[in-house]
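Q: Take these sequences, add in the hints, and give me the full structure.
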Amino acid sequence: MVLTKDVVLTWLETFARDVEENRAYLTELDGAIGDNDHGTNLDRGFRAVLNSLPDERDKPIDGVLKAVGMTLIKTVGGAAGPLYGTVFLRMASAAAGKEALSEADVGAMLAAGTKGIVDRGKAEVGDKTMLDTWAPAVDAFQEAEASGEDLLAALQAAAGAAEEGMKSTIPLVARKGRASYLGERSAGHQDPGATSSYLLFKDLLSAVEGTAG
Amino acid sequence: MVLTKDVVLTWLETFARDVEENRAYLTELDGAIGDNDHGTNLDRGFRAVLNSLPDERDKPIDGVLKAVGMTLIKTVGGAAGPLYGTVFLRMASAAAGKEALSEADVGAMLAAGTKGIVDRGKAEVGDKTMLDTWAPAVDAFQEAEASGEDLLAALQAAAGAAEEGMKSTIPLVARKGRASYLGERSAGHQDPGATSSYLLFKDLLSAVEGTAG
Amino acid sequence: MKKLINNPEDVVKEALQGMAEAYPELIRVDVENQLVVRKEAPVQGKVGIVSGGGSGHEPMHGGFVGKGMLDAACAGQVFTSPVPDQMYTAAKDVNGGKGVLFIVKNYTGDVMNFDLAAEMAQAEDIQVQSVVIDDDVAVQDSLYTAGRRGVGGTVLAEKICGAAAERGDSLDDVANLCRRVNENVRSMGMALTPATVPAAGKPSFELGPNEVEIGIGIHGEPGRRRMELQSADDITEMLAEPILDDLPFKNGDRVLAFVNSMGGTPYLELYIVFNKLHEILKGRGISIARSLVGPYITSLEMQGVSITLLRMDDEMEMLWDAPVYTPALKWKA
Amino acid sequence: MKKLINNPEDVVKEALQGMAEAYPELIRVDVENQLVVRKEAPVQGKVGIVSGGGSGHEPMHGGFVGKGMLDAACAGQVFTSPVPDQMYTAAKDVNGGKGVLFIVKNYTGDVMNFDLAAEMAQAEDIQVQSVVIDDDVAVQDSLYTAGRRGVGGTVLAEKICGAAAERGDSLDDVANLCRRVNENVRSMGMALTPATVPAAGKPSFELGPNEVEIGIGIHGEPGRRRMELQSADDITEMLAEPILDDLPFKNGDRVLAFVNSMGGTPYLELYIVFNKLHEILKGRGISIARSLVGPYITSLEMQGVSITLLRMDDEMEMLWDAPVYTPALKWKA
Ligand SMILES: Nc1ncnc2c1ncn2[C@@H]1O[C@H](COP(=O)(O)OP(=O)(O)O)[C@@H](O)[C@H]1O
Ligand SMILES: Nc1ncnc2c1ncn2[C@@H]1O[C@H](COP(=O)(O)OP(=O)(O)O)[C@@H](O)[C@H]1O
Ligand SMILES: [Mg+2]
Ligand SMILES: [Mg+2]
Ligand SMILES: [Mg+2]
Ligand SMILES: [Mg+2]
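Protein chains in written order, with this note's numbering: chain G, 1 to 213; chain E, 214 to 426; chain U, 427 to 759; chain W, 760 to 1092.
Rather than coming from a laboratory, the hints here were simulated on the basis of the structure. Some hints could be false.
Only part of the chain E face toward chain U is listed, based on derived beta-carbon distances under 10 Å [claimed, not checked]: (1) I246; (2) K287; (3) G291; (4) G373; (5) R391.
In this text, a Cβ means the ideal position worked out from N, Cα and C, and glycines have one as well.
A: Structure representation (structure tokens):
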């Protein structure tokens, strides 16, 4: 089973819709420990992505992903803009030259996105950021893939780990991003970036399920 | 019957106390159609007068009145400072060279004070100012005095007219002072300066009653 | 009352003391008499310019003392006019032999106290002229009333006259120029929130969560009318039009456009008002020759804005551009 | 929400448009890209200085564009960092052949967006250096956190580096100077009232009628602690002492003392804070060499104050005094 460009497009469209639906929720999470704008920021970016997709859909996968990354960087601002932008640019590089992505390719692509977050944001797992979703999700994917699971099963493992990673941020004290100014007062709240990242994994799974089903 | 310096001193002390007691009331009246400070202003001035009186009480009547006028001008500010200050300076001039004041002298003194208000403030009767208390009060005094009444009776007439004059300001639309900015919205409120002026006439009467009784 | 103060009675003196410490190179402060005096006053051969009024309108007037603007400012209690002794002392402090101009805002109390001070100064052979500024079109003017209030136009008159005095103009000339500025300047203001006088402890009026007051004065005096909050564009029109129609300003006029914060309104909103004002003026063929945007004549922490337009001639433009070196206005010096 | 605005989404663009109309002699504004650019940019043979950040802190940064200070400012949405395209475009606009300095306030978003812009500019062979300002002692600093926020020190760094660039210093020298300013500057702020982001429509936090927040950021981020309102003197101590102890400032130091309004606090209160600050510094043998008092780095209409102290050396003093000609800071020019 491979990840085709059509599935990638579905994934992006699903996520854009999901962000719009969860805009208020994501913003509220950010209000508690940040500056009350994560949902607004991401939604601005993915509305721009949706607008530009018609012009980009004829490109290969890496071209699409690169365009998404550029659009996010141009429109989101804040911390989320460079972070998600870098994620998509790095995923594009990993997917370069490929018509469709095998399980191993998808694992490499997601790992490249994770590395982008670390390079850009210098966070470690446990700092209460989106990395707390990405790192375990990618680990779970690669483990499943290494033990021979197919794309769907590996993504199910990844989405499950993403959800746990997201929830793991609740008790943490933030050490990166705006929430870190709060010190101990940041504990007890779920990180907004970790939450939107979980949605991204969940939507990748459901895009693949859609084609598989 | 004459107005002695001791009675003048009693008058000033009584009025100072009266202003202190009525500070909040006078300020409230000013709040409705002005800037909420008439009681505070006058009280600041008459506290200063009380403080300086021990040094002034050996002077003749005009010396005492002049010192009061100067103190008010130096300490009150706003409209009331120059107005009341001028009243006392003009009364001092009218009383110059006299050890004690006859009925005619008191009438001339009060008339000089009234003229001071007009000279300084350019108001006419009916403009909703302290003049609406002073003008009828002085008229009443001089009428009583001309028809042969003694000081006490003439002051009774004056205080009665002062009270009526004060009340006459209620329906008026202000044409002078800060209340004039309100236009029609100033009607229905008693003028603060007319009110403090009524107290001044009432306290002169009671100071004379105190000696007469 | 939420304020950064200590005792309400000490507000004015402590603030003056703070100014003295912040601007020792520009001013000296007589805290006892509540005077802010230009450091090098009296400047020989220059007309001295003295203004003053109640405190709570900072930076006016103390913030305008210095080279090219005021020689002295007299600070009254909050929203209460100063007393004649202050202006008299200031006149003596700044008289450099060419006389002294009093720039007075048209409030009964201010006018009378300055009048008394002028009499006192003249009695000591100091030449004094007084010019009363009355630019607030929100107030009905008539021969029989106290007339219009002095507001934003005062700031412009002080700058322009300060420059004229600095170049050596005579007292008559500076006073006439001040009258000319007053004849060509009009203002109007509005409030989103009231101000609280520290000694009073509560706001001078109340406004509902959606109410604004149009035609407000700078002491929290009520305005022309109270209404529902509207868009910045609509409010700008409500302020600009009475101003424009009053003078009236005409096609081809060049103006100084002054958008002033009443104290608590941020620059972001002032610029939005300026943007609309620019459009309105453009629509009437009036060009903006100079501009001033910021908190210059305030009413403590009041949120709101006032607009002042001055029809400028070449001389006023030149004098506006002349060097000024004060705490609140500084350029070319 | 009581504000002088039209549509919340148009706030930034309309305000930029207003600035353009108010200061045509100083700046040009690219409303589309939300850039304020020095009128005569690029200045050949001069290092270009670019700063930027979320809007709502006016006059910072757009009000500091002009001769002797910034060459360009990038305005994000209210309280949201601008995007790399803006800083990249600004760098191209102001590069006069000697490279471009980015002055960045230490917020994760600002830092990452400026980093991306720097990469983009370098890819086009524009020499770029970035200096991150992190002067807010209210935030615990450590290797493992996002570190301190950039606040009031930014204004001083922009002025001083602007003067150095103006006299022809190299990019390395201006960047090193900027680091030196950052190493010698410390700030802390407090709020009496919260601010409301227009798009959000309600305040970012709530404070009781007698509560204040100590150690606030400029976006309404929470501070060190919440407490009962206290006297101006006590609050000044609570802000000054952590600042003084942090560097630490020492007996004999000369400082620039900057008392800043968060937007809604009037000058009267700022001067009272300045008065107490002066006393505290005097008590520690620290002298005030220069001062700045007013709303310069704000948080919309928030009432509150921040204190910034910069330990100055002779060069910084000279550069501070050098001519500056921008909407919000102007002297000798
Ligand atoms: N250094 C970092 N590394 C990884 N993720 C980060 C970092 N800083 C912030 N984030 C993520 O960004 C999210 C906040 O995004 P957003 O609210 O859009 O930006 P801003 O904080 O600038 O307002 C946080 O919830 C966190 O997940
Ligand atoms: N032109 C005037 N002539 C006579 N009395 C006046 C005039 N203007 C004001 N007043 C009196 O002064 C009073 C207000 O005094 P006060 O509140 O102390 O001064 P201010 O108005 O400056 O605050 C008014 O109630 C009115 O009686
Ligand atoms: Mg955020
Ligand atoms: Mg009054
Ligand atoms: Mg008053
Ligand atoms: Mg943000």
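Q: Each hint should be assessed against the structure and marked as holding or not.
A: Status of the hints after comparison with the structure:
The criterion of a C-beta within 10 Å of any C-beta in chain U is met by I246/E, whose closest approach is roughly 9 Å, and the hint holds. The restraint placing K287/E at the interface with chain U holds, with a minimum CB-CB distance near 5 Å, inside the 10 Å limit. Checking G291/E against chain U: minimum C-beta separation of about 4 Å stays under 10 Å; hint holds. The interface hint given for G373/E is violated, since its Cβ lies 29 Å from the closest Cβ of chain U, which is over the 10 Å cut-off.
Given hint, R391/E at the interface with chain U, holds; its Cβ is 6 Å from that chain's nearest Cβ, closer than 10 Å.
In summary, the one numbered hint that this structure violates is 4.
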